[in-house]
Amino acid sequence: MTTTDVQAKPAAPRPRPARVLDWLTTTDHKKIGIMYIVNSLVFFAFGGTLAMLIRSQLIQPNNSFLSPQAFNEAFTMHGTIMIFLVILPLLSGFGNYFVPLQIGALDMAFPRVNAASFWLLPIGGLTVVAGYLTKGGAAAAGWTNYVPLSLQEGTGEDLWILGLLIVGTSSLLGAINFIVTVLRLRAPGMSMTRVPIFTWATLTTSILIVLAIPSLTAGLLMLLTDRHLGTVFFDPSHGGSVANYLNTFWFFGHPEVYMLIMGAWGVVSEIIPVFSRKPLYGYRVVILALMLIMALSFTVWGHHMYTTGLVNDSFFSVTTELISVPTGLLVLAWLFTLWKGKLRFEPPMLFALGLIAMFTIGGIDGVWMASPAADFAVHDTYFVVSHIHYVLIGGSLFGIFAGLYYWFPKMTGRVLDRRLGIWQFWLLLISFNVTFFPMHFLGLMGMPRRVATYPAGSGWGALNLTETISAYVITISMLVGLWNVLITLRKPRNAPADPWGGNSLEWATTSPPPAYNFDVLPEIRSERPVRDLRMAVAAAQPGRPAGPATGPADEATRPGEPVVRPGETVSAQAETDTTPGAPPAEPGEAAPEAEE
Amino acid sequence: MSTHESAVSRPAPELVDRQAVRSASSSVTGMVLFVASEAVFFAAFLGIYATSYAAVKVWPPAGLTGPSLILPTVGVVVLLGSGAAMAQTMRLAHRAEYPRGVLPWLAIALGLAVVFGILLAISYADIPFGVGQGIYESLFYMITGLELAHVIGGMALLAVVATRAWSGELALRRDPLQSAAIYWYFVVGLGAVIYALLYLGAIR
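Order-wise, the sequence lines are chains G and L. Using numbering that gives the first Met the number 0, the first residue of the first sequence is number 0, and each one after it goes up by one. Using numbering that gives the first Met the number 0, the first residue of the second sequence is number 0, and each one after it goes up by one.
Quick caveat, the hints were computed from the structure, so don't treat them as lab data. Possibly wrong hints are sitting among the right ones.
Said to hold, decoys possible - To give an idea of the interface, some chain L residues facing chain G are shown, with a C-beta separation under 10 Å as derived from the structure:
{"hint": "1", "residue": "S26"}
{"hint": "2", "residue": "G46"}
{"hint": "3", "residue": "G131"}
{"hint": "4", "residue": "G133"}
All figures in this text were calculated on a predicted structure; none of them were measured in a lab. We treat Cβ as the ideally placed atom computed from N, Cα and C, and that holds for glycine.
My request is simple: use the sequences and hints to build the entire structure.
Written out as structure tokens, the structure reads:
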């Protein structure tokens with residue numbers, strides 16, 4: 000066969016133009032995933048710079064570093080970029096790379112659609128940012144873009160609307176692709192109750208996108224026609240209503256918050272079991288919690304509108320409080336996974352633990368504000384700014400960094416530097432809290448958000464000064480992370496297939512994986528197929544270190560105890576018997592639970 | 000569905016085959032999801048219709064002269080006929096004469112879609128109100144305009160599957176036809192809802 004000849008030859012490096020063309024035209028989910036991540040990180044640098052400008056303006060009372068117009072543009076673009084062009088696409092990038100790997104598929108269901116959804120993203124993003132080049136400047140009505148202010152803005156606003164329509168299309172196509180991939184392309188044995196939680200989270204996120212993004216599209220379309228074609232959807236003098244915008248926007252806007260966090264929860268739900276050397280506590284409960292949150296998130300949008308008098312505050316208060324129940328289940332599942340685990344404090348684990356702590360603070364803020372009485376007091380103050388940043392930095396971004404440190408070896412074949420990772424974590428954790436925790440107090444003192452400056456006698460100066468200095472330290476922590484990535488990319492590609500002793504299928508292939516991902520797939524008889532494989536190898540060869548790669552040796556050298564979960568043994572044996580080519584499984588060595 | 004030979008040979012043929020077989024029905028799942036998102040999209044406008052309806056004492060709002068009903072009524076009948084022709088197409092898709100056997104009914108569905116599009120476009124000529132006169136008027140132009148855009152999209156989709164059925168390309172698979180049908184049923188159903196709310200709903 001000619002195939003053997005081809006494989007025998009060492010692959011000649013392709014010339015640079017051809018390699019660039021490979022990336023520009025690729026439909027490989029792994030390359031597209033990396034492009035998602037790189038594109039998002041470029042926008043992240045831009046959005047982060049805007050944040051530093053905002054903080055610099057607020058460093059002292061009556062500051063004139065930024066004009067009020069420039070300040071409005073800065074916070075509008077900062078919010079828009081971070082939400083639509085950084086966090087959501089970063090999670091999509093991980094999803095692109097790892098969902099097909101985790102379910103044992105060769106690629107996404109629609110590879111060309113996948114490439115299209117990626118390429119729409121920089122196009123939409125640049126359209127939004129291009130507002131800075133117009134005469135009136137960029138959009139300046141806040142990321143929520145309320146009418147009537149957004150009806151009065153200049154050309155930058157139109158670019159903002161068009162850009163978000165494009166980005167929304169990108170998300171929608173990507174989400175349909177994820178759902179079909181997870182539903183249709185799972186490997187044999189990979190039932191929905193064996194799918195890793197990150198893939199589950201991507202699935203629930205994608206369902207949210209499919210059912211929520213169209214509401215934003217409708218709102219943006221009405222905004223565009225109200226601005227240019229003379230419709231009166233948002234014009235009360237002709238029978239329209241501002242409520243029409245608020246309802247369409249927030250029907251999208253609150254599920255959006257969960258789109259931004261569920262993926263990060265998924266990452267953490269992968270990392271905590273691996274670095275605790277225990278199975279995820281309540282795997283099925285976690286899935287149930289994700290589904291409940293997904294469903295409930297469509298019933299809570301009115302809590303953004305308590306103070307407008309347009310919604311039934313009690314109803315939305317109850318649904319919002321209700322959503323904290325499944326969220327609490329998630330946090331408890333992580334904590335019980337950690338309980339009596341053999342914890343390894345590698346950088347991914349540190350960021351995951353950081354997420355648990357920080358997200359819990361942000362979540363409790365949310366429960367507190369779900370009470371209309373409390374919300375009336377802190378509405379549109381820095382309390383809300385603090386809450387959103389605890390959820391989006393302390394939640395989403397910590398999860399994303401956890402994922403970056405966890406999966407970087409798989410994506411590049413190189414392990415990120417541990418010491419720099421630990422430095423980055425502690426710098427970020429401390430500076431993040433010093434920056435955003437005092438915003439609670441500023442909010443309670445009544446400092447309004449989205450206002451360019453504050454008077455000298457307000458008593459807000461000291462806290463703002465502290466926050467701004469601390470925000471610069473956040474930038475330093477990001478630069479530490481960037482430095483880590485840059486020096487690691489210069490190192491040789493020597494990462495083993497499974498550097499952490501992982502559970503899910505991405506660790507069953509090389510780092511980075513070959514085209515089409517797998518030469519052979521291990522048998523899948525639990526939600527932790529790679530661990531099953533490692534245990535089977537260790538049981539077959541006592542005395543040798545476990546694993547296909549350098550999994551932690553003590554997992555294997557500890558003598559196996561009898562299987563704790565009888566259901567799993569039965570199904571494992573049943574499937575082993577019916578699968579040809581499986582290793583012979585004795586009852587004792589089918590699944591020794593050395594960890595428990 | 001049986002496993003068939005695939006041109007891609009790397010890295011493990013059985014994996015590639017499995018993916019190919021499963022991908023065959025992925026397009027139907029994808030279309031169902033797309034239609035679900037379309038439904039939310041139109042629901043946003045219908046939600047505004049509902050809240051505007053609830054906010055006033057009389058509907059249609061005072062001073063509104065509704066659109067003429069003759070062309071739209073013919074139009075909705077034509078559109079429902081197109082949907083019925085599509086249903087007949089799908090019934091024939093399981094007969095021996097597939098794929099060319101479905102072409103006459105597919106052509107009828109496509110032709111009626113074109114007729115509906117033309118009727119809707121003509122009917123704009125004698126609408127007695129402008130887009131900015133009130134919330135009903137804005138909703139009217141927005142929703143019917145989007146419906147027209149979706150009908151044009153449907154024509155393109157039906158034309159593509161008709162071409163592929165003609166060339167015999169669909170001989171081994173039905174999923175493109177099925178996807179087109181799902182989309183078309185949605186547009187037809189939407190047309191009926193729009194007729195009831197925007198045309199019949201504007202009668203005093």
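Tested hints:
{"no.": "1", "hint": "S26", "in the structure": "holds (8 Å)"}
{"no.": "2", "hint": "G46", "in the structure": "holds (7 Å)"}
{"no.": "3", "hint": "G131", "in the structure": "holds (4 Å)"}
{"no.": "4", "hint": "G133", "in the structure": "holds (4 Å)"}
The structure agrees with every numbered hint stated previously.
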